[in-house]
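Visitor: Here are the chains, one letter per residue:
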Amino acid sequence: MSEQSTGSADQQDERVPAMQRLLDNPFLLLFMGVATPAALYLIWGVMELSQVPLAQ
Amino acid sequence: MAVDAQAPARGFYEAKFRTCPETGLKVCAQAEALIKANAVVAVVFLAVGGFFGLLVALTRWPAVHLLPADWFYLLLTAHGADVLLFWIIFFEMAVLYFASAILLNCRLAAPKFAWLGFILMLVGAIVANVAVLQGESSVMFTSYVPMQAAPHFYLGLILFAVGALIGCFVFFGTLVIAKEEGTYQGSIPLVTFGAVTAAIIAVFTIASGAIILIPTFLWSVGYISHIDPLMYKVVWWAMGHSSQQINVSAQVAIWYAIAAMLLGAKPLSEKVSRMAFLMYILFLQLASAHHLLVEPGISSEWKIFNTSYALYLAVLGSMIHGMSIPGAMEAAQRKRGLTNGAFEWLRKAPWGNPAFSGTVFSIGIFGFLGGISGVVMGTEQLNLIMHNTLYVPGHFHATVVGGTTLAFMAITYLLVPLIFRKEIMLKKVAQWQPYVFGIGIAGISLFMMGAGTLGVSRRHWDIGFSDAAMSFDYPAMAFAMMTMNGIAGVLATVGGLMFVIVIVLSVFFGKPRTPEAIAATPTLGAGGEVVAQAGSETHPKLPGTIILVAVFLVAFVLYYYVNWKYLSEIWPLS
Ligand code: HEM
Ligand SMILES: [Cu+2]
Numbered sequence: 007m008s009e010q011s012t013g014s015a016d017q018q019d020e021r022v023p024a025m026q027r028l029l030d031n032p033f034l035l036l037f038m039g040v041a042t043p044a045a046l047y048l049i050w051g052v053m054e055l056s057q058v059p060l061a062q
Numbered sequence: 010m011a012v013d014a015q016a017p018a019r020g021f022y023e024a025k026f027r028t029c030p031e032t033g034l035k036v037c038a039q040a041e042a043l044i045k046a047n048a049v050v051a052v053v054f055l056a057v058g059g060f061f062g063l064l065v066a067l068t069r070w071p072a073v074h075l076l077p078a079d080w081f082y083l084l085l086t087a088h089g090a091d092v093l094l095f096w097i098i099f100f101e102m103a104v105l106y107f108a109s110a111i112l113l114n115c116r117l118a119a120p121k122f123a124w125l126g127f128i129l130m131l132v133g134a135i136v137a138n139v140a141v142l143q144g145e146s147s148v149m150f151t152s153y154v155p156m157q158a159a160p161h162f163y164l165g166l167i168l169f170a171v172g173a174l175i176g177c178f179v180f181f182g183t184l185v186i187a188k189e190e191g192t193y194q195g196s197i198p199l200v201t202f203g204a205v206t207a208a209i210i211a212v213f214t215i216a217s218g219a220i221i222l223i224p225t226f227l228w229s230v231g232y233i234s235h236i237d238p239l240m241y242k243v244v245w246w247a248m249g250h251s252s253q254q255i256n257v258s259a260q261v262a263i264w265y266a267i268a269a270m271l272l273g274a275k276p277l278s279e280k281v282s283r284m285a286f287l288m289y290i291l292f293l294q295l296a297s298a299h300h301l302l303v304e305p306g307i308s309s310e311w312k313i314f315n316t317s318y319a320l321y322l323a324v325l326g327s328m329i330h331g332m333s334i335p336g337a338m339e340a341a342q343r344k345r346g347l348t349n350g351a352f353e354w355l356r357k358a359p360w361g362n363p364a365f366s367g368t369v370f371s372i373g374i375f376g377f378l379g380g381i382s383g384v385v386m387g388t389e390q391l392n393l394i395m396h397n398t399l400y401v402p403g404h405f406h407a408t409v410v411g412g413t414t415l416a417f418m419a420i421t422y423l424l425v426p427l428i429f430r431k432e433i434m435l436k437k438v439a440q441w442q443p444y445v446f447g448i449g450i451a452g453i454s455l456f457m458m459g460a461g462t463l464g465v466s467r468r469h470w471d472i473g474f475s476d477a478a479m480s481f482d483y484p485a486m487a488f489a490m491m492t493m494n495g496i497a498g499v500l501a502t503v504g505g506l507m508f509v510i511v512i513v514l515s516v517f518f519g520k521p522r523t524p525e526a527i528a529a530t531p532t533l534g535a536g537g538e539v540v541a542q543a544g545s546e547t548h549p550k551l552p553g554t555i556i557l558v559a560v561f562l563v564a565f566v567l568y569y570y571v572n573w574k575y576l577s578e579i580w581p582l583s
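Protein chains in written order, with my numbering: chain S, 7 to 62; chain W, 10 to 583.
What the hints contain is simulated information worked out from the structure, not anything from laboratory work.
Hints are not guaranteed to be accurate.
[Stated by the list, open to error] If we take Cβ atoms under 8 Å as the criterion, some of the chain S residues that face chain W in the derived model are:
hint: 1; residue: L29
hint: 2; residue: L34
hint: 3; residue: L35
hint: 4; residue: M38
hint: 5; residue: T42
hint: 6; residue: L46
hint: 7; residue: L48
hint: 8; residue: W50
hint: 9; residue: E54
hint: 10; residue: L55
Note that the structure is predicted; figures quoted are calculated from it, not measured.
Cβ coordinates follow ideal geometry from the N, Cα and C atoms, glycine included.
Given the sequences, and given the hints that come with them, work out the whole structure.
Guide: Structure representation (structure tokens):
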């Protein structure tokens with residue numbers, strides 16, 4: 007692996023745990039932090055409202 | 010110094026840095042200027058909005074009843090917008106730039122865009138204020154349809170939100186640059202991680218705001234004929250509530266920052282603290298549903314899943330921070346040899362430093378008054394006792410004023426010497442300020458919660474019903490609560506004014522920090538540079554913190570139980 011030269015050797019050799027990789031990735035966190043409330047609060051909520059019959 | 014030869018070709022500006030004599034950090038000039046601009050404007054809105062808050066509190070003080078009804082609702086709208094949106098979010102922009110460019114030792118991404126965002130926010134905030142003060146937009150800051158404000162009220166809010174969104178992207182861009190240029194080792198510091206949490210929640214908040222405010226604006230100018238009130242509420246609160254969670258994340262990041270800067274406190278376990286922030290990222294925004302607990306047309310499944318099952322994971326996050334920060338302080342103090350008894354570390358803490366006392370009050374008021382009342386009120390059944398009563402403003406003055414505002418004030422006492430490079434003036438006033446403000450805010454929050462428990466509604470001009478067709482008698486105790494609320498409001502205003510005077514004098518007329526002054530009175534305590542590093546404390550013993558946590562949990566359980574008991578009494582089942 008050629009990009010090894012950029013970091014200290016032991017940092018690269020150690021496998022970074024999955025959780026830490028997630029926490030070190032702000033854009034994945036951004037996706038999760040927008041998708042979760044969008045699905046559970048907004049989309050679910052709006053779906054319920056759209057089932058309320060209109061008054062005649 | 011390594012020079013990035015391609016940088017100009019990629020449109021990068023040439024960053025100017027100075028080296029901070031107190032922290033050794035590289036300080037990007039553009040980031041510094043933006044922090045100053047955002048913080049100064051924030052304080053102006055706090056001063057204006059806080060003054061409106063005083064007038065509102067004096068109107069709700071029965072014996073004073075200051076304003077006529079139309080002015081009451083007008084200024085209540087202005088109060089909510091100026092303090093909750095403009096003061097807090099301008100300050101948060103400063104926090105984002107500080108936690109990215111400064112703590113990561115890095116240049117700010119796209120400063121021109123950051124300035125554009127700042128100007129949009131400023132124009133938006135002024136336009137919204139003009140709209141409210143013109144009198145056609147007394148719709149409260151929630152602006153529920155079908156009440157209609159003037160179009161420029163919504164437009165102002167939209168401009169403000171777009172500006173804030175730009176600020177968030179500049180923040181994320183700066184993270185990318187810091188990583189690419191390797192300006193930090195390993196993971197980002199915990200304080201920056203807290204800011205990442207705030208920025209993520211901000212993106213969801215602003216997107217939801219756009220979804221609802223743009224159609225509402227179009228409706229106000231006549232392009233859309235109808236907006237469903239319930240749909241409005243659901244989507245509006247995805248913004249209105251989530252924005253409070255930006256505050257929580259930013260304020261918790263500041264607690265960690267101040268504990269680190271003053272005491273050299275490292276998190277007990279950085280992993281656990283980062284997991285607690287992850288709980289915020291995933292679940293905190295769902296609590297928006299607590300504003301809809303009495304709404305028909307939405308199922309109990311949706312309500313209870315969002316406000317209880319999922320939210321409690323985020324509450325768990327808060328309780329982790331609430332234990333972790335005092336614990337980190339205790340561990341750091343014990344290392345200094347303050348090991349006598351359970352609380353020597355706390356007694357001998359720098360209580361005369363407003364950054365420290367402000368942080369402690371912020372944690373205490375947020376946790377004990379704001380946190381416990383929030384969980385109680387967010388329980389679907391218990392919510393019926395206090396929905397739309399003054400209990401609600403009582404709760405959120407504990408969170409957003411006692412918690413967030415006080416934390417922001419506390420860190421300002423450090424930003425003035427570090428970023429503005431000025432001495433704090435009127436040191437004695439500064440020293441007492443968190444005490445006066447903290448007691449005042451604890452007062453208004455407790456008395457409003459007390460009045461709310463007795464049924465007094467929020468946003469109500471005259472609880473005496475003097476000229477109403479149908480009257481209603483509140484218990485005498487409710488009137489007494491409103492009087493005490495007025496008195497506490499005056500105290501809080503005095504505390505707020507002390508802050509504004511100290512900061513304005515220091516920033517504009519203060520003595521510049523000289524090398525001698527820095528040597529004599531360093532802003533950071535010993536070990537304070539840990540604020541810009543990742544890493545945990547090792548093997549701490551925390552008897553004091555364990556006791557404090559136990560007291561908190563007992564108070565929590567008792568108060569929760571009392572409210573179920575109370576519910577069963579006002580709503581007998583036989
Ligand atoms: C001097 C300090 C303050 C005093 C005396 C004060 C007092 C009050 C009072 C009496 C109300 C009206 C409650 C009602 O009738 O429904 C109110 C509402 C409110 N306050 Fe404050 N407040 C202060 C500072 C703040 C700060 C710093 C914030 C935000 C960070 C804040 C946020 C709000 C909000 C969002 C509302 C609700 C407005 C609405 O119902 O539309 N207040 N405040
Ligand atoms: Cu809420």
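Visitor: All hints, please: hold or fail.
Guide: Hint-by-hint comparison with the structure:
1. L29: Hint holds; L29(S) Cβ to chain W Cβ min 5 Å, cut 8 Å.
2. L34: This hint is violated: L34(S) lies away from chain W, its Cβ roughly 10 Å from the closest one there, beyond 8 Å.
3. L35: With a closest approach of 6 Å, the L35(S) hint holds.
4. M38: 6 Å, holds
5. T42: Hint on T42(S): holds, closest Cβ of chain W at ~5 Å, below 8 Å.
6. L46: 6 Å, holds
7. L48: 6 Å, holds
8. W50: 6 Å, holds
9. E54: 5 Å, holds
10. L55: Hint holds; L55(S) Cβ to chain W Cβ min 6 Å, cut 8 Å.
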